[in-house]
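Q: The sequence shown maps to residues 1 to 503 in this note's numbering.
Source of the hints: derived by calculation from the structure; they are not laboratory data. Warning: the hint list may mix true and false statements.
Taking lysine to any residue and the SDA-like style, the derived pairs with C-alpha atoms no more than 20 angstroms apart in a straight line are [said to hold, decoys possible]:
#1 LYS270 to LYS497
#2 LYS99 to ARG263
#3 LYS497 to SER439
#4 LYS497 to GLN408
#5 LYS270 to LEU285
#6 LYS270 to VAL90
#7 LYS265 to ILE82
#8 LYS99 to LYS497
#9 LYS265 to PRO43
#10 LYS497 to ARG446
In this text the structure is predicted, and so the values were computed from the model without any measurement.
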Amino acid sequence: MEPIVVIATIALYIAALFAVAAVAGRKADNADFFTGGRRSPWPVATLAMVSAAMSGVTFISVPGSVAISNFSYLQMVIGFIIGYLIIAFVLIPLFYRLKVVSLYEYLDRRFGSNSHLTGASFFLLSRTLMSALRAYTACTVLQLLLFDRYGIPFSVNVIIFMLLVWLYSHRGGVKTIVWTDMLRTFALVGSLVLCIVFILRFEELSLGEAISAISSHPYSKSLFTDDFNDSRHLAKQLLAGVFMVIAMTGLDQEMMQRTLSCRSKGDAQKNMIVAVLLQSVVIVLMLSLGVLLYIYLEHSGITMSLGGKFPMSDSSGATAIAKPDHVFAYVATSGALPTIVGVLFVLGLISSTYSAAGSALTALTTSFTVDILHGRERFNDEQLTHIRHIVGCGTAILLTAIIILFEQLQSDSIINTLYSIAGYTYGPILGMFAFGILSQRSVRDRWMPLVAIAAPLISLLLDLNSERWFAGYDFGFEILIINALLTMTGMFAISRKTDNINQ
1 MEPIVVIATI ALYIAALFAV AAVAGRKADN ADFFTGGRRS PWPVATLAMV
51 SAAMSGVTFI SVPGSVAISN FSYLQMVIGF IIGYLIIAFV LIPLFYRLKV
101 VSLYEYLDRR FGSNSHLTGA SFFLLSRTLM SALRAYTACT VLQLLLFDRY
151 GIPFSVNVII FMLLVWLYSH RGGVKTIVWT DMLRTFALVG SLVLCIVFIL
201 RFEELSLGEA ISAISSHPYS KSLFTDDFND SRHLAKQLLA GVFMVIAMTG
251 LDQEMMQRTL SCRSKGDAQK NMIVAVLLQS VVIVLMLSLG VLLYIYLEHS
301 GITMSLGGKF PMSDSSGATA IAKPDHVFAY VATSGALPTI VGVLFVLGLI
351 SSTYSAAGSA LTALTTSFTV DILHGRERFN DEQLTHIRHI VGCGTAILLT
401 AIIILFEQLQ SDSIINTLYS IAGYTYGPIL GMFAFGILSQ RSVRDRWMPL
451 VAIAAPLISL LLDLNSERWF AGYDFGFEIL IINALLTMTG MFAISRKTDN
501 INQ
């Protein structure tokens, strides 16, 4: 794929992004930055939620992952639906009744300031790592497609990326993010659908033939019920879907800021229910695209050759792809398919990555300003605006430094480890909220940081020794549930019965 095509695609999308951001962020104040002024129409917030769940990592990885995980992800989708219903009818009424700006203000009212600080700190740690990793993945692809062609170092790539993200998001905050995410959804879904259409044309498959080919392909297996030790087992995936979506959507400041910008509790609930249905359709499209990509590779004589960078050659000199994450990028940009497929891939990657980074930057700025600095209580409106601008700029610089550090490490195993560490940090947040909602007990607030730190450490110890201690059992996503249960157990140990509970 020619660099000029990549540059033109990126430039056009960023121009559209800034145009939408300029209109949406006009005359935005602090209330608009933090909550969108609670004036977002729910259909717009719904479209924003659809794209919010799809990062650049998802866009690149899910289609390629069918070679390893097949369609087992659909088992998690069932759990997602259950989790979204719990968010809609348990968490949303709670957050609207308390009129929170940051979700973690609930922990302050329920348990105390140390619990508030602990919950916000775990969110900041997790979201900073996850956002940097997502941006890193997209920047590495752009480096291969564009910047390496001109000898531009990776650090310059990252600085340009984060500067553009900060410029379009720092003024309007959530008010801007909701509308730019709607643009992102159209770009992302449009890219997926059109990529499928062009691959079908190239393979000379009708829609019916494509459905038959996908459903009969061994990678389309959806249900796994034979081996309970398999991380793809139905029970594990279902539970993982439920608790992952509660923790990483319902209790995540970045994800919930869009929903809490809706005008009313009812609108926010409609947003949640419709969003999960639309997300399920998008996931099915991604998985289907994955099978079609592998069908294309089979017909083209291209194999998988683990290790190395893409594209590469195997021992016979034939083209080989280093890992599943590279499949979509290679097929789209290799030049065998029409150029428009590569353009759509770049559009989907850029749209999912830029908006995701802007959303993360807004959420991190909000949480640090509201939860850590207690900005709404300590500063007037003019001072608060100045403070959040400084915090936003500092957060952008921090993310830039972390992304560049990942490139220096140059180790997939370290990246995977960081993903696991980031996942562990949601356990204490889930446990704290669950204990607060399900029990009528108060805790000794000064001990909460110790409990929240101990739970993921014990979970990690169990995970590292699970095969030896539990007859070969290998923990998967369910480690989040164990982490949350350990947090709740620790909270019970430092709790006491009380009749005056502020929920």
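Q: Please go over all the hints and tell whether each is borne out by the structure.
A: Checked hints:
As the CA atoms of LYS270 and LYS497 are separated by approximately 36 angstroms, the hinted pair breaks the 20 angstroms bound. For the suggested pair LYS99 and ARG263, the alpha carbons sit about 12 angstroms apart, so the restraint of at most 20 angstroms is met. This hinted pair checks out: LYS497 and SER439 have alpha carbons roughly 9 angstroms apart, not beyond 20 angstroms. This hinted pair does not check out: LYS497 and GLN408 have alpha carbons roughly 51 angstroms apart, beyond 20 angstroms.
Pair hint LYS270 plus LEU285 does not hold up; C-alpha atoms about 23 angstroms apart against a cutoff of 20 angstroms. Under the criterion of a C-alpha separation no larger than 20 angstroms, the hint pairing LYS270 with VAL90 is consistent with the structure, at around 14 angstroms. Distance check on the hinted pair: LYS265 and ILE82 sit about 19 angstroms apart at the alpha-carbon level, within 20 angstroms; holds. Only pairs whose Cα atoms come within 20 angstroms are accepted, and LYS99 paired with LYS497 is rejected, the gap being roughly 26 angstroms.
Taking the CA atoms of LYS265 and PRO43, the gap is near 14 angstroms; set against the 20 angstroms cutoff, the hint holds. For the given pair, LYS497 sits about 17 angstroms from ARG446 by alpha-carbon distance, which is consistent with the 20 angstroms threshold.
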